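Note that the protein sequences, when read in sequence, are chains A and B.
First residue of the first sequence? That's 130 in our numbering, and the numbers climb one at a time after it.
First residue of the second sequence? That's 4 in our numbering, and the numbers climb one at a time after it.
Hints are computed from structural coordinates only; laboratory data are not their basis.
Some clues are possibly wrong.
A few chain A residues facing chain B, derived, Cβ under 8 Å [said to hold, decoys possible]: (1) 181; (2) 229; (3) 363; (4) 365; (5) 415.
All values derive from a computational prediction rather than experimental measurement.
For each residue, glycine too, the CB sits at the ideal point set by N, CA and C.
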Amino acid sequence: MRITDVSSKTIASGWCRVELLTDEGLHGCAPIQPQHSAAAESLARDLLVGQDPRAVSTLWDRLSAAARHHHLAPQSRASLDLACWDLKSQAHDEPLWKTLGGARPNVMAYASLRRLPGGDDAIGELRTMVQAGGFRWACLPLAGNLRDDSAKLMQSRKILASRRGRVELLVDARGMWPGEAIRLLQALEREFDIACVRNVGANGDVLGNARVADSVKAAVCAGGDLGSEADFQPWLHHGAANIIELDLLRLGVTGAQRVAEAAFGFERAVLLRAAPGNLQVHLAAVLPNCMATEAVAMDRQANAIGGDVSFADGRAQAGIRPGLGLHFAEPANSPASEGKK
Amino acid sequence: MKITGYRYETYLMKLDRPIADCNLPEGLDLLPGSVLYLETDEGVTGISLGFGVEGVAALFHLIEGEDPREVVSLWMKINDYIHKLGNEGTANGALSSIDIALWDIKAKLEEEPLWRTLGAAEGRVKAYASGLDYCLSDEELFAFYRRMAERGIDGGKLKVGLDIEADMRRLGIMRDALSIASENPVLMIDSNEYWSPKQSVRFIRQMEEHYDIAWAEEPARRWDYAGLRLVSQQVKAAVATGENVNSIADFYPLVANQAVDVLNVAAGHSGITGCRQIAHLAHCYGLPVSMMNAQAEFMAHAAAALPNHIGMEVVDPGREQCLKFASYIEDGYIILSNKPGLGIEVDEEKLAALQANPPTGRGQFPFARREGAGRYIVPPQPGEVPWETSAGS
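Next comes chain A alone, as it looks inside the complex (with noise of 0.2 Å):
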């Protein structure tokens, strides 16, 4: 099998969808911010037009080197990679989660809010996902103010009880610098049991996230922002993160699984961040350090690109759609009627 030409188009809601064609008449497709596919394309055409798909490991490592090269986004070859695996589960007519070795992945999942907990909305929508999802985890992104952040604290732990099972909150710090952390965290610790905090510091802060690590009960979690395997050497050296975050639109399934190996060896686990369709719930399956996967509201994005997963009882499961199993929404002015593969 060759990739023969590769495209990306506009689908609703903002997103593109990044197309491999092959000699044997599939299409392997990925998501892929609109910022992103102008150079996605120009490494497709440079690296991967003629190449066998299924060599997923050895184009990563050719993309990557490229993507460094030209100083190029993660994204650009995450897309890319995405749509290897596409295409090579497609080939094996399998999901994905088969075909990297994994039995169907039932993971736990938590829900996690993005908006600022200031007004009754959020709220809102943690006891919607709750109802639909069964979650008994959740991430609320903190304000910064110690009594408001307490309140929705206590409001979401209210509604996860309402599920049978353990409660775990997560928070979400939104790049607050390390000692404010450190202070509105102890304050917190004192009524709250806190499971995990995302996004500590500016992105790139190892020592910040570090000192929060050995200052605080809750797990530091770090990495979402990360874009190559190398960039998470000094995290796990110094300490930094106690949980480690992937995303597999900036590492793609190939090195999103290496890093988590990594991970493994360090005794860390891995928090997987939400991707269009939830996509990322493949790759969980062949994760022995998988803690738990993102899950976030269903929202334009998600109507826009649609995906083999379901959420129950506060797991995510993924369905048995050959490859990446996602369903891309055409354009409202498209002529086609129908979503396309």
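With the hints as your guide, set chain B onto chain A.
Frame of chain A, contents of chain B only:
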């Protein structure tokens, strides 16, 4: 698609030449062999070679009736199961053996070579020569490495340890033999944990006055991260280790404590799945890995898909009497075939013949650590080695 059964065969093989390190200078030419066959309801059988079959019976219930294509999940299931018993020794050998046979099945079902299943673009892996040569005369040493160099191999690893002057002479012989493949052959040494860390520093530095040594293997005990790091910091050569550990868990303290520069990975590191985990750990840490030798070089399938693999050990002592395979070495690379799976078949007739008439020879594997290891050198005794020692024997 389900796993339905298993069987295994054990046998003895007589090598084409003896092999040795400084712990057993006189060497041996008999090795135990084994083949694990994992059977499925669709008639596809996976094999693995060389170790660990004795423990399979205790683990088989974990995979019976399962889909062999879910090999990584099955690895996780077994790994979790054995954590109380300890993932070492027989348990780890069985896990390794099962995992490799499962990967063989997975690739066979896809009708593709395993290197492709694992994501490599080609079944081609850089090789280096390793004579396991402590028992070879100087002439035999030259002949071995020259034969390797004629196949384009430009790196060699010499067994050292008991006689530094002789080691240096033999390093020169190895270099000369390899010089037809490269003007600057890659030279490596392996003292197989015979030296203490400080002995390693003394002896390696002495060698480095005359030779550019790429790596020194096992210059301290496998778990001695402080000793390995000390050697790494005090010699120019990289420190390689890992051959005798079990899994990624054993590599963690070595990597985290900057005690290893090159990770030796092997089939016995809880299989291809475990081996890949270790390589990925090293990769994220900016460290290279080197695959240990294997019958018919079958672990080259895994090596081909690793981002940080620098060269696989080729020993070539003649361990393939009952195997049919199509891989070969050319221009310094192991070339794997496009046959499905590992690309290896067992010649059942030859296997049965080996079992019916076990060969005889010298030595027994595994063998003990030599007296003095880590404390003092016990030089080769008269008749122990077929080469001239500094004492004149």
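To see whether the hints hold, each was checked on the structure:
With a cut of 8 Å, the hint placing residue 181/A at the interface with chain B holds, because the nearest CB-to-CB distance is about 7 Å. With 8 Å as the threshold, the beta carbon of residue 229/A comes within range of chain B, its nearest partner Cβ sitting at about 7 Å, so the hint holds. Taking 8 Å as the C-beta contact cut-off toward chain B, the hint placing residue 363/A at the interface is violated, the least distance being around 10 Å. Below 8 Å, beta-carbon pairs count as interface contacts, and residue 365/A has one with chain B at about 7 Å; its hint therefore holds.
Against a cut-off of 8 Å between C-beta atoms, the interface hint on residue 415/A holds, since the closest Cβ of chain B lies about 4 Å away.
In this structure, only the earlier hint numbered 3 is contradicted, and the remaining ones agree with it.
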